[in-house]
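Q: Protein chains in written order, with the numbering used here: chain L, 116 to 221; chain D, 4 to 275.
Do not rely on the hints blindly, as some may be mistaken.
[Unchecked claim] Some but not every residue of chain D turned toward chain L, in silico, with C-beta under 8 Å:
hint	residue
1	17
2	54
3	56
4	67
5	87
6	88
7	92
8	200
9	209
10	217
11	219
[What the hints assert, rightly or not] Derived CB-CB ranges, DEER-like:
hint	chain 1	residue 1	chain 2	residue 2	range
12	D	120	L	221	43 to 53 Å
13	L	199	D	141	22 to 32 Å
14	L	219	D	73	36 to 46 Å
15	D	240	L	219	35 to 45 Å
16	D	120	L	154	20 to 30 Å
17	D	48	L	149	36 to 46 Å
18	D	39	L	179	20 to 30 Å
19	L	149	D	169	48 to 58 Å
20	L	152	D	116	22 to 32 Å
21	D	177	L	149	41 to 51 Å
22	L	218	D	113	49 to 59 Å
23	L	149	D	219	33 to 43 Å
24	D	48	L	218	33 to 43 Å
25	L	221	D	40	18 to 28 Å
[Stated by the list, open to error] Covered, in the sense of this in silico footprint (three residues per stretch, anywhere, with C-beta under 8 Å from a C-beta of chain L), are these stretches of chain D:
hint	region
26	74 to 85
27	185 to 191
28	231 to 240
I should point out that these hints are in silico values taken from the structure, not numbers from a laboratory.
For glycine and all other residues, C-beta sits at the position ideal for the given N, C-alpha and C.
Each chain is listed here by its residues.
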Amino acid sequence: MSPATLIVVIAVLGVGTYGMRLAGAVLGGRLQLSPAVGRILPLAAVALLAALAVTAAVTEAGEVAGIARPAGVLAGVIAAWRKAPFIVVVLVAAATAALLRLAGVP
Amino acid sequence: MRSRWRTLDRQLLRDVLAIAVAVGFVGLSFGAIAVASGMPAWAVLAMSIFVFAGGSQFMAVGLLAAGSPIAAVVGGLLLNARHFPFGLAIADVLSGGPVRTPGDGSARPRRHWGRTLIGAHLMVDESVAFALAQPDRPRRVQAYWLTGVLLFSLWQLGTWIGVEIGSAVGDPARYGLDAAFPAALLALLLPRLKDPAALRVALAGAGLAVAASLLPTMTGVMVPAGLPVLLALLGLLAAGRAPRPAPTSDRVSDHDEASDSASDHNEEGARR
Numbered sequence: 116m117s118p119a120t121l122i123v124v125i126a127v128l129g130v131g132t133y134g135m136r137l138a139g140a141v142l143g144g145r146l147q148l149s150p151a152v153g154r155i156l157p158l159a160a161v162a163l164l165a166a167l168a169v170t171a172a173v174t175e176a177g178e179v180a181g182i183a184r185p186a187g188v189l190a191g192v193i194a195a196w197r198k199a200p201f202i203v204v205v206l207v208a209a210a211t212a213a214l215l216r217l218a219g220v221p
Numbered sequence: 004m005r006s007r008w009r010t011l012d013r014q015l016l017r018d019v020l021a022i023a024v025a026v027g028f029v030g031l032s033f034g035a036i037a038v039a040s041g042m043p044a045w046a047v048l049a050m051s052i053f054v055f056a057g058g059s060q061f062m063a064v065g066l067l068a069a070g071s072p073i074a075a076v077v078g079g080l081l082l083n084a085r086h087f088p089f090g091l092a093i094a095d096v097l098s099g100g101p102v103r104t105p106g107d108g109s110a111r112p113r114r115h116w117g118r119t120l121i122g123a124h125l126m127v128d129e130s131v132a133f134a135l136a137q138p139d140r141p142r143r144v145q146a147y148w149l150t151g152v153l154l155f156s157l158w159q160l161g162t163w164i165g166v167e168i169g170s171a172v173g174d175p176a177r178y179g180l181d182a183a184f185p186a187a188l189l190a191l192l193l194p195r196l197k198d199p200a201a202l203r204v205a206l207a208g209a210g211l212a213v214a215a216s217l218l219p220t221m222t223g224v225m226v227p228a229g230l231p232v233l234l235a236l237l238g239l240l241a242a243g244r245a246p247r248p249a250p251t252s253d254r255v256s257d258h259d260e261a262s263d264s265a266s267d268h269n270e271e272g273a274r275r
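Next up, chain L with everything else stripped away, as it sits in the complex:
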């Protein structure tokens, strides 16, 4: 890893990521959106966030992520569904996964 390579990788990744962040924010405010598109965009964010959360919960590098992590996430979601405060949701999820792993569950 030469310093030049690192600088180029970080610069291209940083500029590219920023470009995608900014492009959506600017285009979304500028286009005259039809009501149908105005309805679909928040749903698109819901689809992406749900996909991100569920893949992060059950997969790891293209494989099933074991039991402890999905179990922890499930415990957190149940807490959220029962209207537990957000910090409780986060703690329940982490503690469940950590305790299961402590008990030897993968």
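Using the hints, position chain D against chain L.
A: Frame of chain L, contents of chain D only:
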């Protein structure tokens, strides 16, 4: 700007702090892992500042260590491509104009470029999710900036500590931090899933993404990282048609639902 913070919701602050602390610990493990993989400290810190997207940073470090810088860039950009539709979805939050628009809010606020340019860099999954969970624009703006600024700060602090203490950091999975992130995102999404169309879209999107993620193990077909999550956009096909705007009865019931969920929020805020 100041009036925005005077009315800062303490409930929101607590919620955001909870996830920001978890993010700080993930940043800490990122710093430690990156240094352990042989990356110089300056590059690790620069990556956290200029990329500020955890998933792509972990992937880039792994691929750089494996000697494939091009894959690190291409994979990272693909993983971060979801920020484009995120930006479209929360463009009103990032326009930077006055928080309170007069009248019914249909008038588009004038853009404040400084806030758009800075705000764009603070766009991460959590700031988008917190913003979307708020019932109106002033609170969306507040939630977005609060989450973005706190997460950015703690991500840098975490990275820096991780770099300093290096291999002394254990695996974040030992503390269950890997379960905290998906649970937090789902908790933020939950109120929106009361809308049947949103629930269908979320289920279809998540199902498609998981199937695509597991495809390599099942069939040996290579799927680049980031693509499964983007495939979730096909889940929008499950949204069905928009309820017709013309009949008055539909309008009224829509409006009722919206104000119901808004008052739910307020009651919860007051109760806690």
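Q: Taking the hints in turn, state whether each one holds.
A: How the hints compare with the structure:
1. For residue 17 (chain D), the interface hint holds, the least distance from its beta-carbon to any beta-carbon of chain L being 6 Å, beneath 8 Å.
2. Below 8 Å, beta-carbon pairs count as interface contacts, and residue 54 (chain D) has one with chain L at about 5 Å; its hint therefore holds.
3. With a cut of 8 Å, the hint placing residue 56 (chain D) at the interface with chain L holds, because the nearest CB-to-CB distance is about 6 Å.
4. A least Cβ separation of about 6 Å between residue 67 (chain D) and chain L falls short of the 8 Å threshold, and the interface hint therefore holds.
5. Given the 8 Å rule on beta carbons, the hint for residue 87 (chain D) holds: about 4 Å separates it from the nearest Cβ of chain L.
6. Proximity of residue 88 (chain D) to chain L holds as hinted, the smallest CB-CB distance being about 5 Å (cut-off 8 Å).
7. Because the smallest distance between the Cβ of residue 92 (chain D) and any Cβ of chain L comes to about 4 Å, under 8 Å, the interface hint for this residue holds.
8. Interface hint status for residue 200 (chain D): upheld, as the beta-carbon distance to the closest one in chain L is roughly 7 Å, under 8 Å.
9. The beta carbon of residue 209 (chain D) is positioned within 8 Å of a beta carbon in chain L (closest approach about 4 Å), and the interface hint is therefore held.
10. The interface hint given for residue 217 (chain D) holds, since its Cβ lies 6 Å from the closest Cβ of chain L, which is under the 8 Å cut-off.
11. The interface hint given for residue 219 (chain D) is met, as the beta carbon of that residue sits about 4 Å from the closest beta carbon of chain L, less than 8 Å.
12. One distance hint, 43 to 53 Å for the beta-carbon pair residue 120 (chain D) and residue 221 (chain L), holds here, with the actual separation near 45 Å.
13. Checked against the hint of 22 to 32 Å, the pair residue 199 (chain L) and residue 141 (chain D) passes, with Cβ atoms roughly 26 Å apart.
14. For the hinted restraint 36 to 46 Å between residue 219 (chain L) and residue 73 (chain D), the CB-CB distance of approximately 40 Å keeps it satisfied.
15. For the pair residue 240 (chain D) and residue 219 (chain L), the supplied restraint of 35 to 45 Å holds, since their beta-carbon distance comes to about 42 Å.
16. Here the CB-CB span from residue 120 (chain D) to residue 154 (chain L) is close to 28 Å, well matched to the stated 20 to 30 Å.
17. For residue 48 (chain D) and residue 149 (chain L), the Cβ-Cβ distance of about 44 Å falls inside the hinted range of 36 to 46 Å, so the restraint holds.
18. With their beta carbons about 26 Å apart, residue 39 (chain D) and residue 179 (chain L) fall inside the hinted range of 20 to 30 Å.
19. Taking the beta carbon of each, residue 149 (chain L) and residue 169 (chain D) are about 53 Å apart, inside 48 to 58 Å as hinted.
20. Checked against the hint of 22 to 32 Å, the C-beta distance between residue 152 (chain L) and residue 116 (chain D) comes to roughly 24 Å, which is consistent with it.
21. Between residue 177 (chain D) and residue 149 (chain L) the CB atoms are about 50 Å apart, so this pair conforms to the stated range of 41 to 51 Å.
22. Roughly 57 Å separates the CB atoms of residue 218 (chain L) and residue 113 (chain D), a value that falls within the hinted 49 to 59 Å.
23. The beta-carbon spacing between residue 149 (chain L) and residue 219 (chain D), approximately 38 Å, falls within the hinted interval of 33 to 43 Å.
24. Evaluation of the 33 to 43 Å hint for residue 48 (chain D) and residue 218 (chain L) yields a pass: the beta carbon distance comes to about 37 Å.
25. Between residue 221 (chain L) and residue 40 (chain D) the CB atoms are about 24 Å apart, so this pair conforms to the stated range of 18 to 28 Å.
26. Note: the region 74 to 85 of chain D has 7 residues with beta-carbon separation from chain L under 8 Å; the three-residue rule is met and the coverage holds.
27. Requiring three or more residues with a Cβ within less than 8 Å of a Cβ of chain L, the coverage given for the region 185 to 191 of chain D holds, as 7 such residues are present.
28. With a cut-off of 8 Å between beta carbons, the region 231 to 240 of chain D has 8 residues touching chain L; three or more are needed, and the interface restraint holds.
Hint check: no violations occur; every hint is consistent with the structure.
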